Every structure is written in C-alpha cells, then in structure tokens.
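Trainee: The listed protein sequences derive, respectively, from chains A and B.
Going by my numbering, the residue at position 204 of the first sequence is 204; the numbering climbs one at a time, nothing skipped.
Going by my numbering, the residue at position 103 of the second sequence is 103; the numbering climbs one at a time, nothing skipped.
Keep in mind that the hints were calculated from the coordinates and are not lab data.
This one's a predicted model, so the numbers in the text were calculated from it and none came from an experiment.
Check each hint, because a few of them may be wrong.
Here's a subset of chain B near chain A, in silico, CB distances under 10 Å, partners left out [what the hints assert, rightly or not]:
id : residue
1  : D163
2  : A202
3  : A203
4  : R208
5  : V209
6  : R211
7  : I215
Where a beta carbon is used, it is the ideal one built from N, C-alpha and C, also for glycine.
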Amino acid sequence: MAPLLRTRQVSVRFGGLRALDDVALELGDGEILGLIGPNGAGKTTLLNVLSGFQRPSTGEVELDGRRITGWDPPRRARAGISRTFQDVRLFADMTVQENCEVAVIGCGGRRTTARERARQALATLDLHRSADVLAKDLPYGVQRRVGLARALCARPRVLLLDEPAAGLNDDESAAMAETVRRIHAELGCGVVVIEHDVRMILGLCHRVHVLDHGVTLRVGTPDEIRTDPEVVSAYLGEEAIA
Amino acid sequence: MTRRIAPGLLCTLLVLAVSGLALLGPETTQRTTTQMLVMGVISLGTYVFVGNSGVLSFGHVVFVAVGAYGTALMTMEPALKRALLPDLPGPLTDLHLGLAAALPVAGLLALVVSVVCSPLVLRLDGMAAGIASLALLISVGVVIGNWDQVTRGSQGIVGIPADLSIGSALPWLVAAIVVALAYQLSSSGFRLRASREDAVAAASLGIRVRRERSIALVISAFVCGVGGGMYAHFLGALTPGDVSLRLTLLTLLMLIVGGIRSLSGAVIGTIFISVLAEVLRRIEAGGDLGPVTLAPHPGVQQVILALTLLLTLLLRPGGITRGRELGWKLLRTGT
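With the hints as constraints, model all of the structure from the sequences given.
Mentor: In structure tokens:
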C-alpha cells in the first residue's frame with residue numbers, strides 16, 4: 001500500500017543554492033513524523049513542497065500514490081492537505097471564529113457546516129471564550145493555537161505544522177505538544193511537524209526525519225535518533241542525550 | 001440575519017435622510033445631492049472590488065466610462081445621433097431607450113469589458129496591479145479621445161437627456177448598497193476578504209484567490225457601469241475629461257476618507273466629501289454667504305480636499321469608519 005504522502009527524489013534549487021537534494025520523505029496514514037535539522041537544513045522548504053507553495057526543481061510529490069507535484073496550494077487543501085505557518089498568518093481583521101470558518105468555506109463548504117466545525121475546533125483547543133475577538137488583538141501564544149484550530153477545521157488527512165511551538169515558553173510548549181497529540185487522536189490524520197524543541201519532538205513523534213544542508217541525514221524512531229552518533233554530533237548536542 | 005444586514009439598512013437610512021433634507025433646499029443643493037448619489041454608486045462599485053480584495057485599482061473609471069458612453073448612445077434622440085455621429089452603425093442610431101432600461105445594459109457592457117481586462121490585471125498584486133490599472137485607464141482614455149465615430153473624440157457628446165434627479169437616482173444607489181452588501185455577505189465575498197487579510201494563508205485553506213477576485217471585479221464593473229450611465233444623465237454632455245484620472249481620484253478620495261475596507265465607509269466617505277466639496281465650492285466662489293460676505297478664494301477646494309486625503313492617511317489611515325460597519329457595535333454585543 002502506498003504511504004499517505006511521499007516525496008520522490010525531491011530537489012529544490014534557488015539559483016546555485018541547493019535547498020533540498022534528493023529528499024525522499026514518507027508519511028504513513030495516522031503517523032506523526034518529526035522533521036528536524038539545524039537552521040537552513042531545508043525543513044520549511046520541504047514543507048512548502050508538500051503544501052504546494054514551492055515547486056520542486058526535480059522529483060515528485062504523491063498523495064495516496066497519486067502524483068500531485070503540479071497542484072497549487074488551494075487544490076492540495078481541497079485534497080486534504082492543511083498547514084500552519086511559522087509566522088502564524090492569521091486573518092488579522094477577522095474574529096477567531098471567522099478565521100476558523102475560512103478553512104471550511106475556503107474549500108467550498110457550507111456556512112452552517114463552517115460555523116459548527118469552527119465552534120467544535122475552538123472548544124477542542126479551549127478557545128471558545130475568544131471566539132468573537134479579532135485575531136490581531138490576541139496574545140502571541142493564543143494566536144498560535146488559533147492557527148492550529150484553523151488548520152484543524154479543514155478536517156485534513158495530512159496536517160503540516162511549521163514550528164507550532166516557536167516563541168512559546170516551556171509550559172506553553174508542552175501544552176502545544178499535548179494539543180497536537182489530541183488533534184491527531186481525534187482526526188486520525190497524518191502529521192508532519194517541524195520543531196526546534198528536540199525534547200518535544202522526540203516525545204511526540206512516531207518517526208523522525210533528520211535533514212542537514214538539504215539532504216536526509218537519518219530517518220528513524222525517536223530512540224534510534226536519540227542514540228545516533230552522527231545526528232548527535234551534527235545537531236542534537238549534549239543536552240538532548242542528558 | 002438582521003444584524004448582518006444592519007450596515008445596509010443604516011447606510012440606506014443615512015442616504016435617505018440626506019436626500020430628504022436636500023429636497024427641502026434650493027435647486028443648486030438638489031443638483032449637488034444628485035451628483036452625490038451618482039458618486040455613491042461609483043464609489044460602492046469600486047468598493048466591491050477594492051474594499052473586499054485589498055487590491056488598489058485606478059482603473060475602475062474605465063467601467064464608468066463604458067457605462068456613461070454606452071448609456072448616452074442608447075438614450076439620445078436618434079435624430080440627434082444621426083446629426084452628431086453619422087458613422088454610427090444603423091441599429092445603434094435607431095436605438096432609443098429610457099434611462100431605467102439603459103442602465104442595466106450599461107452595467108452589462110462594463111461587465112463584458114471587465115471580463116476582457118481581468119486576465120491582464122488579476123495576474124498582478126499590490127503596487128504592480130495599481131500601476132497596471134492606471135495604464136489601462138490611460139489607454140482607454142486615449143481610445144475614447146480618438147474614436148470619433150462613436151465618442152466624437154475630444155469634442156465630446158452633447159444632447160444626452162439630463163434628466164437625473166434625486167428621485168430617479170436614489171433607487172439605483174439603494175440597489176447598489178444591496179448588491180455590495182449581498183456580495184460581501186456571500187461565501188465568495190467572505191473568501192475574498194480572507195485573502196485580503198493574508199493571501200498565502202487563504203491559498204493554504206483552499207481559496208483560489210484569483211477566481212474570487214474576478215468574481216468581485218465583474219460585479220464591481222457592473223455597478224460602476226450603472227454609475228457611469230447615471231453620470232451621463234447627470235451631466236447631459238460627455239467629454240473624455242469627465243471620465244479620466246480626475247474622477248478616479250475623487251472616487252478614491254471618498255473611499256479612503258470614509259474607510260476603504262467597509263461598505264459604510266464607502267457611503268459615509270461619499271457623503272462627507274460631497275458635503276465638504278460643496279461647502280468649499282461656495283467659499284471658493286465667494287459672495288454673500290448669509291451673515292458674512294466672502295472674497296473669492298480660487299483653488300481652495302482642491303487644496304483642502306488634497307489636505308483632507310493627506311491628513312486621513314497620516315492620522316486615521318483606516319478612514320472615518322476604520323474598516324468597521326455601521327451597526328458594528330450591535331453585531332458585537334447583540335449576542
């Protein structure tokens with residue numbers, strides 16, 4: 001059986017720079033896959049390739065064994081690929097409720113469905129009290145959760161999370177990991193998550209894909225990654241082992 | 001539902017109140033008010049696209065121009081057309097419609113032009129889109145200025161029935177409010193407003209931004225075309241200068257001062273600038289103003305209007321309404 005989402009030999013070149021080189025990523029149905037690597041390793045570029053914002057220079061992207069390399073982001077969203085952004089990108093002048101409704105109406109869903117799903121998503125993420133607040137008036141940590149709620153409203157089959165805990169403190173970070181776990185349990189979707197917080201990623205993911213300078217360094221279970229000498233020297237450092 | 005249509009109701013009431021007051025006034029006031037109602041339709045038409053998409057357009061007066069000349073050719077006396085425009089195709093010369101019948105046709109003509117233009121303009125974003133729309137406006141201006149068989153070029157068309165009054169303009173403005181409100185409450189309008197806030201995030205949620213923009217553009221062009229037809233019947237004569245950059249700037253002035261991101265802003269801006277322009281016009285002309293006698297101040301209108309725009313952009317960039325709708329407080333606390 002084909003994996004849920006896969007890239008085959010994906011390379012991305014920006015002029016002379018190789019942002020990604022021959023990367024093969026596989027995401028199983030219902031799997032949480034961590035994507036880690038030092039700054040500039042190509043993690044966000046790979047997420048952009050998966051969500052359709054970056055056309056690979058060579059290689060293919062497949063969803064359920066079907067080639068989707070040439071599909072633009074809206075088409076991929078309609079096929080069930082949903083993403084969040086490192087810089088959140090909420091609709092600033094819309095309420096939290098409306099932000100979530102966009103995820104349903106954006107794909108051609110009905111207004112009533114949108115209202116209902118937004119309400120559920122906000123309840124799941126404990127945001128229902130902020131439903132009528134404008135997104136721009138929210139504190140940063142809450143904005144991140146709204147970003148997640150919005151992606152959740154789309155009821156995706158694949159959820160791509162770009163540093164969901166960036167800029168959050170330790171407590172918020174742990175809560176975010178718990179939230180991702182809960183969403184995953186509820187939707188049963190495949191999740192790809194980029195994160196710098198290694199402790200969080202190793203605790204959260206079924207498998208981890210390590211990138212370094214645009215190439216795949218290692219793919220394995222959190223236990224394998226934690227003890228891999230090459231990964232440790234390239235990226236994790238001493239603190240991760242401790 | 002009542003709460004969602006509240007801005008439309010309140011804007012309509014506002015327009016009715018201002019028009020009612022004007023009917024009590026002298027004929028010059030009534031004429032200025034009629035012009036205000038025409039500008040209201042043009043501003044609302046422009047707002048449907050610019051306000052909801054966040055893409056600035058200098059080109060919407062193209063649709064006004066198409067509507068204006070189109071209406072003129074449909075409603076003028078055939079005998080007059082034969083004399084002024086001998087090279088006009090026969091069926092068009094013989095066509096003689098009333099204003100009410102001609103305006104929807106004028107809207108459709110503008111709509112067709114927008115369908116032709118949209119692939120050119122909608123590929124662009126931000127500054128580039130603004131400049132491209134300006135280029136379009138200038139090109140169409142040149143065509144109007146030289147197409148002697150149809151527009152009589154720079155000589156212009158005269159003898160258009162100048163029969164627009166407050167009473168005959170008002171229903172069209174109310175209709176424009178209804179259309180603008182219906183679009184902004186529709187799913188397409190909702191998607192377009194999301195893309196205005198963040199086009200990248202919108203695309204990631206399934207929104208085909210260019211498609212939503214073309215829907216808004218087509219509706220917007222229709223309303224502007226109707227506004228153009230009304231403008232022709234307000235003026236009674238048309239020259240290329242009537243539908244040029246000057247009108248574009250006046251429309252944008254109204255939208256920006258009122259608040260370009262809301263329907264209420266378009267309506268309030270139109271009323272505010274119309275009243276201000278009229279007061280300034282009287283000061284400019286000088287003479288006997290009730291208790292005081294004023295010397296003429298030529299140019300004061302232009303200067304003050306320009307300053308109004310400048311001060312709005314500096315001190316209250318969201319305009320008078322700051323992108324909110326009338327009745328917004330009700331929307332908030334009503335639940």
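Trainee: Of all the hints numbered above, which does this structure not satisfy? Sort the numbers upward.
Mentor: Hints 1, 7 contradicted; others consistent.
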